[in-house]
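Undergrad: Given chain A's structure and the hints, the job is docking chains B and C onto it.
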Amino acid sequence: MSLAGTMGRQCTPILQRLPAIASQILLAITALIILTPFIWMVSTALKPSSEVFANPPRLIGSSIEWGNFSKAWHYLPFARFMLNGLIVSGLGTMVVVATSASAAYAFSRLHWRGRDGIFLLYLGTLMIPQEVLVVPMFMLMRKLGWVNSYQALIIPWAFSAFGTFLLRQFFLTLPRELEEAAKIDGAGRWIIFSRILLPLTAPALGTLAVFTFVGYWNSFLWPLLVVSNVKMATVPLGLNMFLGQTGNQWNMLMAAATISIVPSVIMVLCLQRYLVSGIALSGLGGR
Amino acid sequence: MKISRSARVTLGASVLALLASSSAGFTAPVTLRWAMSADSQAEIGVWQHLADMVHAKYPDITVTFESTAFSDYYNKLVTEAAADDLPCIAGLQAQRIPDVGSIFIDLSSKLGSGLNIGEYQSSIVDGLKQDGKQLAIPYDLGPYVVYYNKTMFKAAGLALPKPGWTSEEFLADAKKLTADGHHGFVADGTPDMWLPFVLSIGGDYMKDGAPDLDNAKMVQGFTWVTDLATKEKVAPQIPATGASNYPADQFRNGNAAMYIDGPWQLINAKQNVKFDIGLTTVPSFGGKSVTTMSGTGFGITKSCQDPDAAWKAISVIVGPEGQNYIAKAGRGFPAYKAAQTYWYSVADVDGAKGAIDTALATVNVYKTTPKWNRIAALLQQYGVEAFNGSSSPQAVLTEVQNQVE
Amino acid sequence: MSATIPLTKHEAVPGPGEHEAAGATEHSGTHAGNRPKRSSRKGGRGGETLAALAFLAPNLVGFLCFTVLPIVASLVLSFYEWPIIGTPVFKGLGNFVKLFTRDVVFWRIVGHTLHFVVGYLILNLLISIGIAVWLTGRVPAKGFFRFVFFLPVLSPMVANAVVWRLLFAYPDGLIVAVFRMLTGSPGPNWLGSPDWSMSALIIMSVWAGFGYNMIIFVAGIEGIPKPLYEAARLDGAGPWVRFRHITLPLLTPSIFFATVMTLISSLQVFAQPYILTGGGPGSSTTTIVYYLYQNGFQNYEMGYASAIAWSLFILIMGVTAVQFWFQKKWVHYE
Numbered sequence: 001m002s003l004a005g006t007m008g009r010q011c012t013p014i015l016q017r018l019p020a021i022a023s024q025i026l027l028a029i030t031a032l033i034i035l036t037p038f039i040w041m042v043s044t045a046l047k048p049s050s051e052v053f054a055n056p057p058r059l060i061g062s063s064i065e066w067g068n069f070s071k072a073w074h075y076l077p078f079a080r081f082m083l084n085g086l087i088v089s090g091l092g093t094m095v096v097v098a099t100s101a102s103a104a105y106a107f108s109r110l111h112w113r114g115r116d117g118i119f120l121l122y123l124g125t126l127m128i129p130q131e132v133l134v135v136p137m138f139m140l141m142r143k144l145g146w147v148n149s150y151q152a153l154i155i156p157w158a159f160s161a162f163g164t165f166l167l168r169q170f171f172l173t174l175p176r177e178l179e180e181a182a183k184i185d186g187a188g189r190w191i192i193f194s195r196i197l198l199p200l201t202a203p204a205l206g207t208l209a210v211f212t213f214v215g216y217w218n219s220f221l222w223p224l225l226v227v228s229n230v231k232m233a234t235v236p237l238g239l240n241m242f243l244g245q246t247g248n249q250w251n252m253l254m255a256a257a258t259i260s261i262v263p264s265v266i267m268v269l270c271l272q273r274y275l276v277s278g279i280a281l282s283g284l285g286g287r
Numbered sequence: 001m002k003i004s005r006s007a008r009v010t011l012g013a014s015v016l017a018l019l020a021s022s023s024a025g026f027t028a029p030v031t032l033r034w035a036m037s038a039d040s041q042a043e044i045g046v047w048q049h050l051a052d053m054v055h056a057k058y059p060d061i062t063v064t065f066e067s068t069a070f071s072d073y074y075n076k077l078v079t080e081a082a083a084d085d086l087p088c089i090a091g092l093q094a095q096r097i098p099d100v101g102s103i104f105i106d107l108s109s110k111l112g113s114g115l116n117i118g119e120y121q122s123s124i125v126d127g128l129k130q131d132g133k134q135l136a137i138p139y140d141l142g143p144y145v146v147y148y149n150k151t152m153f154k155a156a157g158l159a160l161p162k163p164g165w166t167s168e169e170f171l172a173d174a175k176k177l178t179a180d181g182h183h184g185f186v187a188d189g190t191p192d193m194w195l196p197f198v199l200s201i202g203g204d205y206m207k208d209g210a211p212d213l214d215n216a217k218m219v220q221g222f223t224w225v226t227d228l229a230t231k232e233k234v235a236p237q238i239p240a241t242g243a244s245n246y247p248a249d250q251f252r253n254g255n256a257a258m259y260i261d262g263p264w265q266l267i268n269a270k271q272n273v274k275f276d277i278g279l280t281t282v283p284s285f286g287g288k289s290v291t292t293m294s295g296t297g298f299g300i301t302k303s304c305q306d307p308d309a310a311w312k313a314i315s316v317i318v319g320p321e322g323q324n325y326i327a328k329a330g331r332g333f334p335a336y337k338a339a340q341t342y343w344y345s346v347a348d349v350d351g352a353k354g355a356i357d358t359a360l361a362t363v364n365v366y367k368t369t370p371k372w373n374r375i376a377a378l379l380q381q382y383g384v385e386a387f388n389g390s391s392s393p394q395a396v397l398t399e400v401q402n403q404v405e
Numbered sequence: 001m002s003a004t005i006p007l008t009k010h011e012a013v014p015g016p017g018e019h020e021a022a023g024a025t026e027h028s029g030t031h032a033g034n035r036p037k038r039s040s041r042k043g044g045r046g047g048e049t050l051a052a053l054a055f056l057a058p059n060l061v062g063f064l065c066f067t068v069l070p071i072v073a074s075l076v077l078s079f080y081e082w083p084i085i086g087t088p089v090f091k092g093l094g095n096f097v098k099l100f101t102r103d104v105v106f107w108r109i110v111g112h113t114l115h116f117v118v119g120y121l122i123l124n125l126l127i128s129i130g131i132a133v134w135l136t137g138r139v140p141a142k143g144f145f146r147f148v149f150f151l152p153v154l155s156p157m158v159a160n161a162v163v164w165r166l167l168f169a170y171p172d173g174l175i176v177a178v179f180r181m182l183t184g185s186p187g188p189n190w191l192g193s194p195d196w197s198m199s200a201l202i203i204m205s206v207w208a209g210f211g212y213n214m215i216i217f218v219a220g221i222e223g224i225p226k227p228l229y230e231a232a233r234l235d236g237a238g239p240w241v242r243f244r245h246i247t248l249p250l251l252t253p254s255i256f257f258a259t260v261m262t263l264i265s266s267l268q269v270f271a272q273p274y275i276l277t278g279g280g281p282g283s284s285t286t287t288i289v290y291y292l293y294q295n296g297f298q299n300y301e302m303g304y305a306s307a308i309a310w311s312l313f314i315l316i317m318g319v320t321a322v323q324f325w326f327q328k329k330w331v332h333y334e
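Protein chains in written order, with the UniProt record's numbering: chain A, 1 to 287; chain B, 1 to 405; chain C, 1 to 334.
Source of the hints: derived by calculation from the structure; they are not laboratory data.
A quick note: this is a predicted structure, and the numbers were derived from the prediction, not measured.
Hints are all accurate, no fakes.
Calculated cross-link-like contacts (lysine-lysine; reagent style BS3-like; alpha-carbon spacing at most 27 Å):
1. B:LYS57 with A:LYS231
2. B:LYS302 with A:LYS143
3. B:LYS231 with B:LYS217
4. B:LYS302 with B:LYS367
5. B:LYS110 with B:LYS57
6. A:LYS71 with B:LYS328
7. B:LYS270 with A:LYS71
8. B:LYS371 with C:LYS98
9. B:LYS288 with B:LYS231
10. B:LYS217 with B:LYS233
11. B:LYS162 with B:LYS231
12. A:LYS71 with B:LYS274
13. B:LYS207 with C:LYS98
14. C:LYS91 with B:LYS371
15. B:LYS207 with B:LYS129
16. B:LYS150 with B:LYS233
On the chain A side, residues computed to face chain B include the following (Cβ under 10 Å):
17. PHE53
18. ALA54
19. MET139
20. LEU140
Using N, Cα and C, we set each Cβ at its ideal position, and we do this for glycine too.
Looking at chain A on its own, in the form it has when it is part of the complex (with noise of 0.2 Å):
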């Protein structure tokens, strides 16, 4: 930023600010708008059972219902839902960005025969419909005797060509010369891969944990059909279970919903530096 830039800038007339403060305003609104349905996320978890449809509807009930929230927790063991959540996308992230660094390492800083056809491969994949692959995976699974386990929630969705292929596009950015210059010194792939590339990976490494583990954590499908012991159950299959034979319970559902996101927000917390400026370090502004 150039001194008579900065100067300019604050000496700038309030009627020229003008823009500024409405584009404020606007974007509050905008947040607002996106923020909504979370609100009314939150005001039917509040809400008595009978007045989640009330017509017409109303914000908030004619009680505030705290008692959703434990209700909900307690309708179904939610604790031990949460728990299984945790190992199941917390081993699954780890696995995933572990093989897919690795992997992208491969592929983008080695020189073999058959890289290229094996690459593409990896991106066929990403087209086929994951609905598809449920049944020969679960047929998979009984042979391996892996149903009902956590090895079965993680490992068939552990090697991700979506991981594979977002690092090895950020190994590419990276420049040679530090490579070259680590070789000189001696060293090791294998130390060149963990002590330089590495480092400079992580904010890619973040935004891939984060992909991964809410993958993981809201997936549906699979957890599903392989999980068939209450006690292995993961956060959206208790959630389904609030839409039963015996009528729905949408305000339960909406606070064990509610609880739900949490792990992911803190997850999304702590990595946020990552997500949202660390990416451009892959970038031309990176160097």
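TA: Leaving out everything else, chains B and C in the frame of chain A:
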């Protein structure tokens, strides 16, 4: 896979047999998997209690209960069948028999021991048969009946509907109940909600075991129901919904005074609404009211390694004690006739007994065709247009018929 | 959906170092002519194969077992009449022939899917680019706003569906109320009319999904060198001119890849119709993958479902290939 599993089981069994033979005379302990839908901790608790009852009576048998949410139960069962990973005992709803009946064994030969099938409501016992094979023993049943909001009826100054009431009375009441954004009735395209009207005017939805959805009586009955929304305006326009029972939600929130559902909803509904609930029969046409019914039982799957032990377990689960327990827990309207009085006293809804008994007297066992599940989903999906007037009832039925042929 | 979007950015903005170093690998699928590799690297290639295998193995083994194997299985299934319970019968191309020539709804459903894809793609890109530009300007509490706009991504779909059903409710929902306030009429019956249900589905999906692309674009814009803007400012360029002539051209690689990935994921849309509308009214919100699910899990015809999946796969391949074909016309690489 089959080989290795049976090998494993055989190996396990022989090891256990060796161990058991030392303490002579005892059969080897077995562990049986039992799958059933459950939607809450309380419901899981009910099933678990029944599993424990089995173990208490037969200490050699341990039943491990596996639960899935009701909406996903059959998807899961079928996937397990595909992967040869079925539980030994599984819940089976009468309407699902054409689709999944083939994974259950015939229990006819076992009926002599353990329980007396004559003490169970015969309509649902028959409903759980396929080609003369008894695929499951019922634990609950329910004819579809009209739920009504007593508080709204009283506020409108109307007499409470009696079992056997007529379609004219129904329509007149619905008109009076429609005011201030509330409606007299609510239904959607789900066949359970309007097939009773078709049956009552003498129609049928099947012909020679195949779906026959767009015959004249079907169109007439469906039109009668959709007219309530499009012409008489006593029922609301409806949204397309995924996993949801829209009419039940509207009824429970006091937006509509009547809807059609099974008795399994009653106890839960009663706890969650702010008005008094009453039950009555589906209105009669020309003196005739016929409703459909649903019910669920437990059967033994073809992959079960120890059907004899499984039968012992079932005879406890749906046995008299088990049925009394189910009735008192309010889980379902028991198929075991002697237990039904318990359910009525737990439900404690005036008119429930009259409505259900009357309905059971004229009930039409809910026969279904293969892929009924799909037909029901399509009728719900396409039915929206008939209720909202963007398509005719006839066109909707023809469209669905074409898709399932 | 979740993991597809973030991939886009990096290929989009190639760092300068890479042009020399890894040009051969970049866009390996599209650029036929590989650049000659530097000789120094050629020498090490023999040794690198082993090392590459070592680095690749943990992922590749899992990938082959848990991704490629089920995919091959599904291709095999598509040639069978395969009722999940029962004996499979080999049908050759029978499933495909039935799908393309005799299925009374398939082509309608392809149309609905394309309707969704076009609406979703355009709205998603406009909103995510718009908000990204906004959030990379001089705004206080940037982090907070970015977090708020990313929040919908975290919300479980089943909860979204219920909330949006309440918002779209007719004639008493919030959206209808806003319509009435602004225009005097209640507006459409969103979820009850086959003419509007798809719009409702698109609106909910954009709300739930634009956060991914927003992150991509925020990162892309922040990667544009600041001096470019300073120079333009000194030349007297206003915000629009700066956006039009700096941000947009330099963002085209990101936009290109966001488009490719968003198209792939939206052609596979499933959860939204499954939970919000059940595919109705009529078939108006039935998409290809929802139809696949209905055939697989309501009709229990996995062979037919697999044939649908592979048809979709071919469609996605085609659409993606066309996009790569046209990218030279508008994507601005350095």
